[in-house]
Amino acid sequence: MSIITPSLNQDALNPEVEANRKADHPVHPLFLNRWSSRSFDPKEVSDETLHIILEAARWAPSSSNLQPWRFIVAKTEEQKQKFQTFIKPNNRLWTDQAPVLILIISNKHRQDGELSAAHAFDTGAAWASLAFQANILGLATRAVGGYDKESAREVLHVPSEYELHAVIALGYRGPRESLAEDLQERELPNGRRPLSESIIDGSF
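Positions 1 to 204 (my numbering) are the ones given, in order, by the sequence shown.
Just so you know, these hints were derived from the structure itself, not from any lab. Fair warning: this is a prediction, and the values are worked out from it, not measured in the lab. All C-beta atoms in this analysis are idealised placements derived from N, C-alpha and C, irrespective of residue type, glycine included. Do not take every clue at face value.
What the hints assert, rightly or not - FRET-style restraints, in silico, Cβ to Cβ: (1) Ala117 to Gln79: 30 to 36 Å; (2) Lys22 to Leu93: 29 to 35 Å; (3) Glu48 to Arg192: 32 to 38 Å; (4) Gln111 to Glu16: 43 to 49 Å; (5) Ala143 to Gly191: 17 to 23 Å; (6) Phe121 to His28: 20 to 26 Å; (7) Pro42 to Ala120: 28 to 34 Å; (8) Leu66 to Leu93: 32 to 38 Å; (9) Ser196 to Glu114: 36 to 42 Å; (10) Ala128 to Lys22: 17 to 23 Å; (11) Ala12 to Leu188: 14 to 20 Å.
Use the sequences and the hints to build the structure in full.
Here is the structure:
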């Protein structure tokens, strides 16, 4: 296997991030450098790169090591056309340009058949791991909730024991100008509310 080197300096903030994001505390720049863009370059994502990104998701924390996540990957035109049948039109304005689409699903049951209380929680950790590894390798990701879940289940033959979560658009970031004008204005790293507003000290 060849060595894939990061195309971004993860020890420093990217200029566009530095202009739009300010951390309340000194976290690693990786957490600020990752943001969900919509513009994608049509450049192909190699299988090796894709598998490295999914390998990171594989090592996400998992309750009882059940690893409930599964990744339905669309790379070929035929596979992506299936995804396009259930992604909502306003999201297709940009997801159609992404070279890879991934539907993240999770098994709702434990090995004994009982419902798992942690399947969605754990799969969220896998998505975060995937997103950060993609960013380290110089790729962009954006999670899409705007799709018809029942249609996706039917088109992709997803068994009933799996819950559908998000479609992930994955690829190399493209120029802002490739987006529709109204989307160009939104193609910036967004901020976050102050940490103090998220911390509840002891109880409500």
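Quick rundown of the hints versus the structure:
1. Ala117 to Gln79: 30 to 36 Å: Hint holds: Cβ distance 33 Å, inside 30 to 36 Å.
2. Lys22 to Leu93: 29 to 35 Å: holds, 30 Å
3. Glu48 to Arg192: 32 to 38 Å: Taking Cβ atoms as reference, Glu48 and Arg192 lie about 33 Å apart, which means the hint holds.
4. Gln111 to Glu16: 43 to 49 Å: Since the Cβ atoms of Gln111 and Glu16 sit about 45 Å apart, the hinted range of 43 to 49 Å holds.
5. Ala143 to Gly191: 17 to 23 Å: About 18 Å separates the Cβ atoms of Ala143 and Gly191, which means 17 to 23 Å holds.
6. Phe121 to His28: 20 to 26 Å: For His28 against Phe121, whose Cβ atoms are near 23 Å apart, the range 20 to 26 Å holds.
7. Pro42 to Ala120: 28 to 34 Å: Since Pro42 and Ala120 have Cβ atoms about 32 Å apart, the given range 28 to 34 Å holds.
8. Leu66 to Leu93: 32 to 38 Å: holds, 37 Å
9. Ser196 to Glu114: 36 to 42 Å: holds, 39 Å
10. Ala128 to Lys22: 17 to 23 Å: holds, 21 Å
11. Ala12 to Leu188: 14 to 20 Å: Given range 14 to 20 Å: holds, Cβ gap about 19 Å.
The structure meets every hint from the earlier list without exception.
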